[in-house]
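> Residues per chain, in single letters:
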Amino acid sequence: MSTVQTQTKTAYDVEKLRKDFPILSRQVHGVPLVYLDNAATTQKPLSVIEAEDRYYREYNANIHRGVHLLSQEATKAYEDARVTIQKFINAASSSEIIYTRGATEGINLVAQTWGRKNIQAGDEIVISHLEHHSNIVPWQMLCEEKGAKLRVIPINDRGELLLDKYKNMLNDKTKLVAIGHVSNALGTINPIADIIHYAHSKGALVLVDGAQSIPHLKVDVQKLDCDFYVFSGHKIYAPTGIGVLYGKLAHLNAMPPYQGGGDMIASVTFEKTLYAKPPHKFEAGTPHIAGVIGLGKALDYVSAIGLDAIAAHEHELLVYGTEALSQIPQVRIIGTAAMKAGVISFTLGDIHPHDIGTILDKMGVAVRAGHHCAQPVMDRFDIPATARASFGLYNTKAEVDALVKAVKKTLEVFA
Amino acid sequence: MSDFSDLYQDLILDHQKNPRNFGVLPDANHHADGFNPLCGDKISLDLKLDDQGVIQDIHFKGSGCAISKASASMMTVSLKGKKVSEAEHLFHEFHDMVMGKIDHAPEDLGKLKVFEGVKEYPARVKCASLAWHTMEAALKNEKEVISTDDGKGSES
Chain A
1 MSTVQTQTKT AYDVEKLRKD FPILSRQVHG VPLVYLDNAA TTQKPLSVIE AEDRYYREYN
61 ANIHRGVHLL SQEATKAYED ARVTIQKFIN AASSSEIIYT RGATEGINLV AQTWGRKNIQ
121 AGDEIVISHL EHHSNIVPWQ MLCEEKGAKL RVIPINDRGE LLLDKYKNML NDKTKLVAIG
181 HVSNALGTIN PIADIIHYAH SKGALVLVDG AQSIPHLKVD VQKLDCDFYV FSGHKIYAPT
241 GIGVLYGKLA HLNAMPPYQG GGDMIASVTF EKTLYAKPPH KFEAGTPHIA GVIGLGKALD
301 YVSAIGLDAI AAHEHELLVY GTEALSQIPQ VRIIGTAAMK AGVISFTLGD IHPHDIGTIL
361 DKMGVAVRAG HHCAQPVMDR FDIPATARAS FGLYNTKAEV DALVKAVKKT LEVFA
Chain B
1 MSDFSDLYQD LILDHQKNPR NFGVLPDANH HADGFNPLCG DKISLDLKLD DQGVIQDIHF
61 KGSGCAISKA SASMMTVSLK GKKVSEAEHL FHEFHDMVMG KIDHAPEDLG KLKVFEGVKE
121 YPARVKCASL AWHTMEAALK NEKEVISTDD GKGSES
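Chains as they are written, first to last, in the numbering used here: chain A, 1 to 415; chain B, 1 to 156.
30 Å max Cα-Cα, derived DSSO-like pairs, lysine-lysine:
#, chain 1, residue 1, chain 2, residue 2
1, A, Lys409, B, Lys42
2, A, Lys409, B, Lys17
3, A, Lys408, B, Lys119
4, A, Lys19, A, Lys397
5, A, Lys218, A, Lys16
6, B, Lys17, A, Lys408
7, A, Lys218, A, Lys19
Across the chosen pairs, the derived CB separations fall in these ranges:
#, chain 1, residue 1, chain 2, residue 2, range
8, A, Arg57, B, Glu107, 53 to 63 Å
9, B, Lys111, A, Gln330, 21 to 31 Å
10, B, Lys111, A, Arg57, 49 to 59 Å
Simulated from the structure, these hints should not be mistaken for laboratory data. Glycine included, each C-beta is placed from N, C-alpha and C at the ideal position.
Working from the sequences, and respecting the hints, build out all of it.
Dropping the structure here:
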């Protein structure tokens with residue numbers, strides 16, 4: 001492993017990697033695209049695009065059904081991808097890998113199955129102030145239905161969780177801690193190993209929202225000992241509409257099914273239906289087969305480069321970009337945690353982020369402007385929105401320079 | 001490429017920096033609130049209508065991007081003294097202009113024609129029209145917050 005790491009570290013050739021992404025060679029508004037909206041969604045390498053294309057051209061068929069060759073090929077590709085994912089996050093068994101539409105569906109699945117079965121009136125669910133709406137609303141809905149209480153871990157001015165407050169929050173009523181691994185709005189990397197440890201010591205389960213960590217950090221679900229981990233494929237260079245719920249097998253076995261339908265049953269009569277075992281128990285209906293195959297290819301692509309190498313590259317961009325933007329007096333960076341992924345959220349004097357976004361866009365620089373589906377975070381810093389640049393494996397320092405130039409231009413326009 | 005004067009014209013930047021008719025109107029008899037969830041633009045609109053159906057006074061308050069703020073400010077200037085029917089007529093012309101439904105901005109829009117450039121920026125149409133949707137709601141004294149995402153303010 002160490003030799004591989006050394007090799008990838010010295011061999012990180014971003015210009016070569018960029019050639020794998022067809023979209024990066026296009027122009028917008030007559031200038032080269034500078035894509036810095038990777039926390040929203042990532043671009044897709046040719047290997048992923050071609051894998052989906054090949055499925056439809058050569059072996060499109062439904063899975064787990066036909067005895068014909070096409071169905072067998074499709075089923076094999078679909079189940080092989082599950083093993084690829086299992087290895088990628090080091091799950092103990094491929095039965096612990098459940099396909100979903102994305103992180104959001106994974107969270108809702110746990111809330112609606114495990115949650116409805118196990119949460120009772122008076123119980124407590126802990127989330128944090130950093131959460132994306134998708135890790136707030138499903139728990140609010142569950143708490144409302146059950147008469148349970150939602151508790152929120154506060155953050156400091158740097159956008160870091162207050163762990164002491166968290167520890168004091170845990171008690172016998174705490175049944176679940178649902179926590180983002182990396183904040184999408186600020187980039188904060190949360191100390192989830194500690195969070196999981198404390199939760200377990202009080203007998204609570206932990207769901208980790210990995211939507212923003214999966215493309216940036218090496219995740220080992222067994223080492224973390226999390227009970228559930230969810231992510232979306234499209235944040236890690238795979239197609240949209242496909243994601244993963246990892247769950248410890250013991251939990252998955254005990255959980256009721258999510259949706260009823262084909263593929264999730266062992267046998268059906270009008271009197272009684274026997275459910276399939278995990279993972280198929282949670283995969284009713286014909287799934288997004290092409291998306292699954294694409295996801296498998298995307299993880300292969302990332303693994304070949306090495307997540308450590310990608311993380312190191314992105315960190316370099318983060319440091320470089322933070323330094324450059326900090327030179328501009330009107331820039332206020334929101335989220336200055338000691339541990340951060342490649343996200344720079346900022347405001348610019350009293351210029352509204354939407355205006356920043358428009359001017360940057362005209363100069364080819366794609367960033368997100370808005371509340372990032374994390375309105376409580378914006379409220380915490382008393383701002384309506386931020387502009388957010390987020391880095392992926394293919395971004396360059398020259399692109400960070402383009403961002404800085406466009407930010408300065410924005411200041412000129414509103415001077 | 002580096003010229004943004006099609007969208008951010010001087011007049012728009014002036015109204016953004018120095019919004020006219022900004023603040024609460026104490027003797028208003030019509031009111032509505034508007035919200036653009038996409039970017040968090042908020043506007044609160046007060047109107048004073050006389051019994052002839054003429055807008056005697058109109059004020060706005062709120063926070064938002066340059067386009068939404070300037071649009072609200074310039075709307076209040078252009079609507080003061082207008083009849084309700086004229087206001088609604090201007091709204092429709094303004095709406096068609098920013099949506100790019102008409103090739104040339106109608107002359108009676110006057111200074112509001114500076115917003116014609118918005119049609120080249122589809123993501124900003126809601127910003128420009130939020131104040132107008134809120135004005136229409138205020139005329140009806142609608143209680144619910146007007147959102148550009150709930151169909152009423154939809155620009156699709």
